[in-house]
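Visitor: As a plain string of letters, each chain reads:
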Amino acid sequence: MLQTQTPMPVLPESLRALIGVRKTRQCLVTARDIKRFAQAIGAPSPSDSDEALLAPALFCQTMTFEDLPIEALPADGSPAELDLPLPAQRVVGGGSEYVINRRVRAGEVITVVSRLKDVVPRQGKSGLLYLLVVETGFTDQKGCPVATEVATYIKRP
Amino acid sequence: MMLIPRAADLLSGEPAFPVRLPPLLVTPTAAHLFMFSAATWNRHHIHYSAQAARAEGHGDVVVHRGLIGNYLARMLTNWLGNRGEIRSLSWKVVRSAGPGRPLRCEGEVVSQEVHHPHRRLQCELRVVDAEHNLIAQGAAGLELEVHG
Numbered sequence: 000m001l002q003t004q005t006p007m008p009v010l011p012e013s014l015r016a017l018i019g020v021r022k023t024r025q026c027l028v029t030a031r032d033i034k035r036f037a038q039a040i041g042a043p044s045p046s047d048s049d050e051a052l053l054a055p056a057l058f059c060q061t062m063t064f065e066d067l068p069i070e071a072l073p074a075d076g077s078p079a080e081l082d083l084p085l086p087a088q089r090v091v092g093g094g095s096e097y098v099i100n101r102r103v104r105a106g107e108v109i110t111v112v113s114r115l116k117d118v119v120p121r122q123g124k125s126g127l128l129y130l131l132v133v134e135t136g137f138t139d140q141k142g143c144p145v146a147t148e149v150a151t152y153i154k155r156p
Numbered sequence: 000m001m002l003i004p005r006a007a008d009l010l011s012g013e014p015a016f017p018v019r020l021p022p023l024l025v026t027p028t029a030a031h032l033f034m035f036s037a038a039t040w041n042r043h044h045i046h047y048s049a050q051a052a053r054a055e056g057h058g059d060v061v062v063h064r065g066l067i068g069n070y071l072a073r074m075l076t077n078w079l080g081n082r083g084e085i086r087s088l089s090w091k092v093v094r095s096a097g098p099g100r101p102l103r104c105e106g107e108v109v110s111q112e113v114h115h116p117h118r119r120l121q122c123e124l125r126v127v128d129a130e131h132n133l134i135a136q137g138a139a140g141l142e143l144e145v146h147g
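Taken in sequence, the protein lines are chains A and B. Note that numbering that gives the first Met the number 0 numbers the first sequence so that position 120 is 119, with each residue one more than the last. Note that numbering that gives the first Met the number 0 numbers the second sequence so that position 107 is 106, with each residue one more than the last.
Certain hints may be false.
No farther apart than 25 Å at their CA atoms in a straight line, the calculated lysine-lysine pairs in the DSS-like style are these [stated by the list, open to error]: (1) A:Lys141 to B:Lys91; (2) A:Lys154 to B:Lys91; (3) A:Lys22 to A:Lys141; (4) A:Lys116 to A:Lys22; (5) A:Lys116 to B:Lys91; (6) A:Lys154 to A:Lys124; (7) A:Lys154 to A:Lys116; (8) A:Lys124 to A:Lys22.
A few chain A positions that, by computed beta-carbon distances, are all more than 12 Å from chain B [to be verified]: (9) Thr5; (10) Leu17; (11) Thr23; (12) Val90; (13) Ile109.
The hints are simulated quantities; they were obtained by calculation from the structure and are not laboratory data. Bear in mind the structure is a predicted one, so any value in this text is a computation, not a measurement. Beta carbons: idealized from backbone N, C-alpha and C, even for Gly.
Could you build all of it, start to finish, from the sequences and the hints given here?
Guide: See below:
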């Protein structure tokens with residue numbers, strides 16, 4: 000039997016203009032950041048005597064979102080990176096793909112480059128939803144890659 | 000399926016793949032979610048306000064996608080010890096998890112390739128709740144030092 004598919008909406012130009020735009024910032028990683036992250040994920044907390052504290056594998060998550068004041072975020076407090084001109088307000092994390100070249104150490108300055116990689120409309124069980132794909136690259140002071148994340152978020156009306 | 004307690008034990012023989020990884024059992028609390036929100040500067044209200052989370056269709060505040068990934072990473076790091084590193088990790092959340100509910104991270108090493116002086120291991124991973132509902136599934140690539 001021939002099945003008909005619901006046509007996917009065309010993304011507005013105001014949204015398409017945001018795809019691929021890179022934002023760059025730098026973050027100094029402190030021993031305190033590493034300890035707090037380790038405690039937040041329930042991993043053993045490194046001690047002060049550990050030379051050049053080595054961060055947990057996914058520590059770069061602490062640098063994914065911009066350090067914006069809450070007034071600059073959407074009303075639901077979700078990351079500004081996901082505040083896009085779409086007829087959808089509810090957002091939830093979908094998945095992540097990490098490539099980890101090496102772990103971060105305390106004292107490093109990491110350059111973070113993020114971009115909205117794609118927005119994909121999709122027909123879900125309860126209606127139209129949008130997959131927001133955000134790519135974030137993390138490099139060290141020599142320009143060498145430390146990690147890359149491609150994260151997918153799901154946004155629904 | 001054989002369980003190999005530590006990655007180093009993999010080097011002492013030629014096991015038949017897949018081999019099971021020691022699982023990690025965790026029960027995230029609301030305090031853990033709060034700490035993870037703070038550490039990652041994530042202020043999305045579904046992670047701290049049960050009222051807001053319910054208004055958006057969740058049963059309770061939602062365990063972060065990122066935190067679930069860290070539980071998988073912890074399982075892998077525990078197994079690797081000082082003999083290797085996680086080189087890739089991907090996961091997809093298929094069902095929301097809430098605080099106070101036990102989660103079990105589990106998985107298998109499904110294949111290995113020898114790239115002297117390392118072995119590259121591919122793993123399949125899952126997170127399930129106490130009712131055996133699948134919360135997340137994923138995959139990882141590990142690099143294991145042959146000579147530690």
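Visitor: Hint by hint, note whether the structure agrees.
Guide: Results for each hint:
Among the hinted pairs, Lys141 of chain A with Lys91 of chain B is inconsistent with the structure: their alpha-carbon atoms are about 32 Å apart, more than 25 Å. Restraint check: the Cα-Cα separation between Lys154 of chain A and Lys91 of chain B comes to about 15 Å, which is no more than 25 Å; the hinted pair holds. The straight-line distance between the Cα atoms of Lys22 of chain A and Lys141 of chain A is roughly 19 Å, inside the 25 Å bound, and the hint therefore holds. For the proposed pair Lys116 of chain A and Lys22 of chain A, the alpha carbon gap of about 12 Å is at most 25 Å, so the pair holds.
With a CA separation close to 18 Å, the supplied pair Lys116 of chain A and Lys91 of chain B stays within the 25 Å bound. Distance hint between Lys154 of chain A and Lys124 of chain A is fulfilled; the C-alpha atoms sit about 13 Å from each other, no more than 25 Å. Note on Lys154 of chain A and Lys116 of chain A: the hinted pairing holds, with a Cα-Cα distance of about 15 Å set against a maximum of 25 Å. Simply put, Lys124 of chain A and Lys22 of chain A have alpha-carbon atoms about 34 Å apart, too far for the 25 Å limit, and the pair is violated.
Every Cβ of chain B is farther than 12 Å from the Cβ of Thr5 of chain A; the closest lies at roughly 21 Å, confirming the non-interface assignment. With a cut of 12 Å on Cβ distances, Leu17 of chain A stays outside the contact zone with chain B, its closest approach being about 20 Å. At roughly 17 Å from the closest C-beta of chain B, the C-beta of Thr23 of chain A stays outside 12 Å, upholding its exclusion from the interface. With a cut of 12 Å on Cβ distances, Val90 of chain A falls inside the contact zone with chain B, its closest approach being about 7 Å.
No Cβ of chain B comes within 12 Å of the Cβ of Ile109 of chain A; the nearest lies about 14 Å off, and the non-interface call holds.
Figure legend: structure checked against the earlier numbered hints; hints not met, in rising order: 1, 8 and 12.
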